[in-house]
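Chains as they are written, first to last, in our numbering: chain A, 333 to 609; chain B, 3 to 327; chain C, 1218 to 1515.
These are computed hints drawn from the structure, not numbers from a lab.
Don't be surprised by glycine CBs; every beta carbon is placed ideally from N, CA and C.
Treat the hints with caution; some may be incorrect.
[As the list claims (entries may be wrong)] What the simulated footprint calls covered on chain B by chain C, stretch by stretch (three residues with Cβ under 8 angstroms from a Cβ of chain C suffice, anywhere in the stretch; the number is not a length):
id, region
1, 46-57
2, 98-104
3, 107-119
4, 141-147
5, 163-174
6, 299-311
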Amino acid sequence: MPFTSNRTPAVPTPASAATPAAPATASPALTIRNLTVSFGTNKVLKGVSLDIAARAVTAIIGPSGCGKSTFLRALNRLHELVPEARMEGDIRLFGEDIYGAAVEPVVVRRRVGMVFQKSNPFPTMSIADNVTVGLRLNGLRNRTLLAERTEQSLRMAALWDEVKDRLNAPAISLSGGQQQRLCIARALAVKPEVLLMDEPASALDPLATAKIEDLILELKRDFTIVIVTHNMQQAARISDLTAFFYLGELIEYNTTTKIFTNPAKKQTEDYVTGRFG
Amino acid sequence: MAMAESDPNVAGTIPRALAGRRFGDRAFKWFTLLMALTVFVLIVLIGCELADGSHLALRQFGWRFLVSSEWDPVSEQFGALPFVFGTLVSSAIGLIIAVPLSIATAVYLTELAPQWLRQPLTIFIELLAAVPSVILGLWGIFVMVPWLRVHLFPWLKGAFGFLPLFQGPIYGLSMLAGGIIIAIMVLPIITSMSREILRSVPGLQREAAYALGATRWEVTRIAVLSYAKKGLFGAVILGLGRALGETMAVTMVIGNNTQIAASLFAPGNTLASAIANQFAEATGDVYLSALFELGLVLLGVTVLVNAFAQLILKTFAGPSVTPQN
Amino acid sequence: MTAPNHRRRRFKNALMQVFTCVCAVLVTLPLFLVFFYLLKSGIGAVNGHFFTQLPAPPGETGGGMANAIVGTFELLGLAALVGVPVGVLGGVFLSEYGHSRLNWWVRFAADVLNGVPSIIWGMVVYGLIVRHGLGLNLFGAQVGLIDRGYSAWAGGLVLGLMMIPLIMRTSEEVLRLVPNGYREAALALGIAQWRTVVQIVVRTALKGIITGILLALARVAGETAPLIFTAFGNQFWNRSLADPIAALPLQIYYYAIGPYEDWHRQAWAGALVLLLLITVINVSVRVLTRDRFSQRHS
Ligand SMILES: Nc1ncnc2c1ncn2[C@@H]1O[C@H](COP(=O)(O)OP(=O)(O)O)[C@@H](O)[C@H]1O
Ligand SMILES: [Mg+2]
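Just chain A, same shape as in the assembly:
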């Protein structure tokens, strides 16, 4: 692995030590300290530190190319699959170092699920199989249990009513919005602790987008959600906390209300009011 993890001290530095003022969270789901990611010589994230609150929706906003996806993908160790990616810093999931020597990426990724910008169901599998594939990988074979979890996950993803009569139809027979909700169901089925969503609604029509937004508000009761979005209104509607990234740096991180009504930095204000980006 061309992957270096430059360990900072084992004890997480207090949130206040991070450059931008971070909102106080009792026990954060994720603590990120000095996260730096580069691709070859291109430094894409430059020492980002922030805490992700548990059972809340954290929105990541910023102009395109500023490193939002890169940030998200560091949280479930997806960068390890990119040969030229280098990473430094410290990321903890409920206090546990996810890049620790004894920690396997496979386990991290099961605990930190992800939904991608472009829906990517497995095209050769049925709807039900798409939902249960993660569980089956983990050794669950019991048919009744699998059926239960299928229904449960599809209900959580607000897709159950639309597909309950054709669970064995191929996943690609669904519409774009349905496919994206299927991907959410697939990610939820393995009961991750954190759900990462990278612009999950950017390719969808307004109706499907609204469904996904409702869904996110539902999900935050049980899950910690980090969502990247391009859409200011969306961030304002669904998130509790918002982090604004610019050119690989975390400019400002605060409650969503604060960011959108009374931002501390000029850059943030310009961005959220649509003056640039």
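Given chain A, put chains B and C with the ligands in place with the hints provided.
Just chains B and C with the ligands now, with coordinates in the frame of chain A:
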């Protein structure tokens, strides 16, 4: 890709200089079209020449040619069955060996191998694909066949001698040796084709599986192989097309016997090896014509198999996956 | 933190890594074995005589393959005369002029032709030229183009025909990589379309086209079966392109199946030289166009 053709309606209004240019454009386009169309001419030419060359045999033996197993140049009785049989058996042996090895290698190359190893391995496989058949045959005669005769075949006979496939005297030159040489010839073809197909699986499919906590192998199984199934099937069929028509290396190690034998240790023959081997001695018109008819049968089979493979590959991934030699 | 079946999954993952790795080793093994034995058995006979002398009469030792080496290059030259113009211009048509239906069929036909066994090509040219000679009937007057009988013409033609579909497909592919902006810019300057194609598009893709041509030449350089029916082989120098001509692969074949020890040695030497020639072309071409290897899926 297409460049807009100028509107023919304004042809009358353009100045003379442009009209000359217009002629140049047209002439060039028609000339290149002519060159592109040669592929159809070649297909027709191949069919006509083989049909013409074999008309004596076609008239004399009719459909019997395909089912008769008599091949007797002295009494001028010819039947293609031993060669059709040998072609099918040797190709089957070749594919049984080559398909699992090739696909596993392609998986290793695109999914599992460490990054630094992928390029050198790929180059080795392309170099193996470039080894001429006659050189592999030379190696086959003097290195592989003696080794098979002394080591592998006696062992097979000891272990599986109860099967008719592995009974009878061991000569070395044999149907099985032909099948193994065919396997070596098609290995790099199926491997590099499969590699192209696996590479064309979208990265997003892999990431979906990784994000569920799948291991590398699980990603390969659930996201890559199942996505690429159809294309891999096409690659195998393409390999079959090459196996059926493989000539020199097979001719040199298969033993060139015109009898059908149950044992894989017995010498055999294929359509292509019979033609290559007997062409020089085919003095009679009917004999030569019978060899041409063997060619016609071989052509029919390989064109069908190849066309089928191309259709699968083209519907799998569009024009971005083009077969390599 | 660990799922119950985690050890088994990790084990299976490692197992498949090892299994596929072993398969990859097995697949590349023949390459190394062939190279090893060619060097071992052939290097001794690759000497000055090998490159300068004619084959020795049957039963005598010594001699070389000078005529076969020259013959192979002559045949490749003739083949290029046939295959390159037709292949490249056909590729230009496929990439520059859009008739999607027709182009689909042309590609399909070319791909199917690429799969036609080489021995079939040999029989076709045998039937076309060797048996009857090639002539034109112009208003009742017979104009002979190529006389009947085995000849260098026939050998060059068969290799050239085999190159056509190969070159057509590779040329098309590299021509399609030329950005459309180049074409538009040239047309906007008022340059005629055909000149744009020749001077801008083909020029830009020239390196790729030459790569394709070299790979096609390397491919047909080792063809043996079609030459049995056409070039036939010759123990002496070829004095006229209308006569049979020697070629390395043919000579290797005749020597390999022949009865004499010395022939076998010569066959190994010939194979070594031929394989080195082909490998040098392949490797240098791939080094020149290295970027083809650096693409990765993300
Ligand atoms: N796999 C990669 N290889 C090289 N560069 C990358 C890779 N992924 C992202 N980048 C670069 O990182 C920068 C940030 O990308 P990203 O995090 O995707 O931005 P966004 O905020 O739009 O999601 C971009 O300039 C992009 O070019
Ligand atoms: Mg992004």
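Consistency of the hints with the structure:
no., hint, verdict
1, 46-57, "holds (count 6)"
2, 98-104, "holds (count 3)"
3, 107-119, "holds (count 7)"
4, 141-147, "holds (count 4)"
5, 163-174, "violated (count 0)"
6, 299-311, "holds (count 8)"
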